[in-house]
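Student: Same order as they appear, the protein sequences are chains H and L. Numbering-wise, the first sequence is residues 0 to 168 according to numbering that gives the first Met the number 0. Numbering-wise, the second sequence is residues 0 to 336 according to numbering that gives the first Met the number 0.
Honestly, the hints are just simulated from the structure, not real lab data. Hints are supplied without guarantee of correctness; some may be wrong.
[Claimed, not checked] DSSO-like, lysine-lysine: derived pairs with alpha carbons at most 30 Å apart:
hint, chain 1, residue 1, chain 2, residue 2
1, L, Lys230, H, Lys77
2, H, Lys152, H, Lys77
3, H, Lys77, L, Lys81
4, H, Lys77, L, Lys52
5, L, Lys166, L, Lys230
6, L, Lys51, H, Lys77
7, L, Lys230, L, Lys52
8, H, Lys77, L, Lys173
9, L, Lys242, L, Lys230
10, L, Lys266, L, Lys173
11, L, Lys242, L, Lys266
[Claimed, not checked] Derived Cβ-Cβ restraints for the label pairs, each shown as a range:
hint, chain 1, residue 1, chain 2, residue 2, range
12, L, Thr33, H, Gly50, 36 to 44 Å
13, L, Thr305, H, Glu22, 40 to 48 Å
14, H, Arg48, L, Thr70, 31 to 39 Å
15, H, His148, L, Asn302, 27 to 35 Å
16, H, Ile51, L, Lys51, 50 to 58 Å
17, L, Asp15, H, Thr36, 21 to 29 Å
18, L, Pro281, H, Glu22, 38 to 46 Å
Yeah, the Cβ is synthetic: ideal placement off N, Cα and C, and Gly gets one too.
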Amino acid sequence: MTALLDIDQLLDQMETGLRQVLEQRGAESPVLIGIRTGGVWLADVLRKRLGIEEPFGELDISFYRDDFSRIGLNPRVKPSSLPFDTEGRDIILIDDVIMSGRTIRAAMNEIFDYGRPASIILATLIDLGARELPIQPDVTGRTMALDSHQRVKLRGPDPLRIEFQEAGQ
Amino acid sequence: MTANDASPHPLQLTRDGQLRHFLTLDGLDCALLTDILDTADSFIEVGERTIKKVPLLRGRTVVNLFFESSTRTRSTFELAAKRLSADVLNLDISTSATSKGESLSDTLLNLEAMASDMFVVRHSQSGAPHFIAESVTPGVAIINAGDGRHAHPTQAMLDMLTIRQHKGRFDGLKVAIVGDVLHSRVARSQIRALNVLGAEEVRVIAPGTLLPREVESLGCTVEYDMTRGMKDLDVVIMLRLQKERMEGALLPSEREFYRLYGLNQEKLALAHPECIVMHPGPINRGVEIESAVADGPQSVILNQVTNGIAIRMAVMSMAMGGQVAERQQKLSGRGQT
Numbered sequence: 000m001t002a003l004l005d006i007d008q009l010l011d012q013m014e015t016g017l018r019q020v021l022e023q024r025g026a027e028s029p030v031l032i033g034i035r036t037g038g039v040w041l042a043d044v045l046r047k048r049l050g051i052e053e054p055f056g057e058l059d060i061s062f063y064r065d066d067f068s069r070i071g072l073n074p075r076v077k078p079s080s081l082p083f084d085t086e087g088r089d090i091i092l093i094d095d096v097i098m099s100g101r102t103i104r105a106a107m108n109e110i111f112d113y114g115r116p117a118s119i120i121l122a123t124l125i126d127l128g129a130r131e132l133p134i135q136p137d138v139t140g141r142t143m144a145l146d147s148h149q150r151v152k153l154r155g156p157d158p159l160r161i162e163f164q165e166a167g168q
Numbered sequence: 000m001t002a003n004d005a006s007p008h009p010l011q012l013t014r015d016g017q018l019r020h021f022l023t024l025d026g027l028d029c030a031l032l033t034d035i036l037d038t039a040d041s042f043i044e045v046g047e048r049t050i051k052k053v054p055l056l057r058g059r060t061v062v063n064l065f066f067e068s069s070t071r072t073r074s075t076f077e078l079a080a081k082r083l084s085a086d087v088l089n090l091d092i093s094t095s096a097t098s099k100g101e102s103l104s105d106t107l108l109n110l111e112a113m114a115s116d117m118f119v120v121r122h123s124q125s126g127a128p129h130f131i132a133e134s135v136t137p138g139v140a141i142i143n144a145g146d147g148r149h150a151h152p153t154q155a156m157l158d159m160l161t162i163r164q165h166k167g168r169f170d171g172l173k174v175a176i177v178g179d180v181l182h183s184r185v186a187r188s189q190i191r192a193l194n195v196l197g198a199e200e201v202r203v204i205a206p207g208t209l210l211p212r213e214v215e216s217l218g219c220t221v222e223y224d225m226t227r228g229m230k231d232l233d234v235v236i237m238l239r240l241q242k243e244r245m246e247g248a249l250l251p252s253e254r255e256f257y258r259l260y261g262l263n264q265e266k267l268a269l270a271h272p273e274c275i276v277m278h279p280g281p282i283n284r285g286v287e288i289e290s291a292v293a294d295g296p297q298s299v300i301l302n303q304v305t306n307g308i309a310i311r312m313a314v315m316s317m318a319m320g321g322q323v324a325e326r327q328q329k330l331s332g333r334g335q336t
């Protein structure tokens, strides 16, 4: 399958969805946090689209992964950076692809070590299903299912594009 | 050379080249040392949070096994382990079981029976952590917290982290190590690390009586006159005068040593104007270093302490990660055959 996805269409979808959820929740001054690496690129784009003035945060969840006891530490870990106080804030958490839900669990654990947010809204570009935990995005660009040999990856940051790969390539 | 050098890979590395113990900087390449520094950078950020803790070593037991007392090293290892969410046991062996006649092997067997995952070892005998790493149960990581005159690799790496923070690089740097090189395990590790990371020049400045024989073979130049040695320096690392290790008349007097090799403002002025001043602590004010310099704007001595926690978190999590990854590979390998 090499059907191309129009990234702008997916971003439009995310923007519209986020505006709706923010309004429903009455969140007037939300802040964005992107999960490295794809989520950070998306947070940058969505911050401009949503007209949020505050800089966005970057999360590296390597220290919070639940598979340390199987694969050890990610050698490419970089510092997380949250340039605002999370206490009492409405947070929009952004990732490129959601599957098992384990990354989001780790990210939420990390966010709570910075303080107690008022709420967290989860937005992902692509939802591949195959969940292993009871975690669902509030906003998704596109829901799709892949065959077991297929992978999807966000490339960026400029331009952003979605790449499908056959496993083993 | 030990028998282990003949084995297919060094004792402290897994077959994929990841750390599984941290015993010495010998045999570790620039890429791995840089990985340690990069990982430590991420742990520095953790130390600035409201909750200064990550769950990496949750449920694991770290035993601080100190056969020789050291307040600062032990407490930063303890804090590092706790910030990784490990359970920590501090054993001061110098006042404990061995004085009742228990052998090192028996002490270790007892600690392993408590399901320990990591031993942080400080010992007055060179090679003790290496010996323990060879005999310990597979899956248990050994971290060298200083052995005899041999090595103090976490101290050297926290010094490298401090240098990189302030200078941003190693190439082109001129670094001097001043004072009691003879009794210093950290000097050996520092010279090694600076050479591997690509410093332009490592200079030792000391009286001949406080230098090991053939010190140049470690990868440094030698200067006996500190006034000449300070020229163009980017980094000056002062060593503590190890009075408790002095045997015989290596020094005329402390006052004479301070006059010749103590760092004061006049001598510091001979170095590059942005030269940073480092010291592993505890400092002897007025013996190795003048208070005005130790507390002055070029001093990064307290940054070294903060960085010590981050480096120890990095090394502990990387070694534990190497152990678990190796165990997992063995399990899956067995499953396939």
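Student: Next, verify each hint and record whether it holds.
Tutor: Going through the hints against the structure:
The straight-line distance between the Cα atoms of lysine 230(L) and lysine 77(H) is roughly 36 Å, outside the 30 Å bound, and the hint therefore fails. Distance check on the hinted pair: lysine 152(H) and lysine 77(H) sit about 20 Å apart at the alpha-carbon level, within 30 Å; holds. Using a Cα cut-off of 30 Å, the hinted pair lysine 77(H) and lysine 81(L) holds, with the two alpha carbons roughly 21 Å apart. Taking the CA atoms of lysine 77(H) and lysine 52(L), the gap is near 16 Å; set against the 30 Å cutoff, the hint holds.
Taken as a hint, the lysine 166(L) and lysine 230(L) pair is honoured in the structure, with Cα atoms around 18 Å apart against an allowance of 30 Å. The hinted pair formed by lysine 51(L) and lysine 77(H) meets the criterion: a straight-line CA distance of about 16 Å does not exceed 30 Å. Only pairs whose Cα atoms come within 30 Å are accepted, and lysine 230(L) paired with lysine 52(L) is rejected, the gap being roughly 43 Å. Using a Cα cut-off of 30 Å, the hinted pair lysine 77(H) and lysine 173(L) holds, with the two alpha carbons roughly 28 Å apart.
At roughly 28 Å between alpha-carbon atoms, lysine 242(L) and lysine 230(L) fall within 30 Å of each other, so this suggested pair holds. Only pairs whose Cα atoms come within 30 Å are accepted, and lysine 266(L) paired with lysine 173(L) is accepted, the gap being roughly 16 Å. For the suggested pair lysine 242(L) and lysine 266(L), the alpha carbons sit about 23 Å apart, so the restraint of at most 30 Å is met. A C-beta distance of roughly 40 Å is found between threonine 33(L) and glycine 50(H), which places it inside the suggested range of 36 to 44 Å.
A C-beta distance of roughly 44 Å is found between threonine 305(L) and glutamate 22(H), which places it inside the suggested range of 40 to 48 Å. The beta-carbon spacing between arginine 48(H) and threonine 70(L), approximately 54 Å, falls outside the hinted interval of 31 to 39 Å. Evaluation of the 27 to 35 Å hint for histidine 148(H) and asparagine 302(L) yields a failure: the beta carbon distance comes to about 50 Å. Taken as a hint, the range 50 to 58 Å is violated for the pair isoleucine 51(H) and lysine 51(L), whose Cβ atoms sit roughly 28 Å apart.
Checking the proposed 21 to 29 Å range against aspartate 15(L) and threonine 36(H) shows it holds: the Cβ atoms sit about 23 Å from each other. Distance hint check: the CB atoms of proline 281(L) and glutamate 22(H) are about 60 Å apart, inconsistent with the given range 38 to 46 Å.
Violated hints, in rising order: 1, 7, 14, 15, 16, 18; the structure is consistent with all others.
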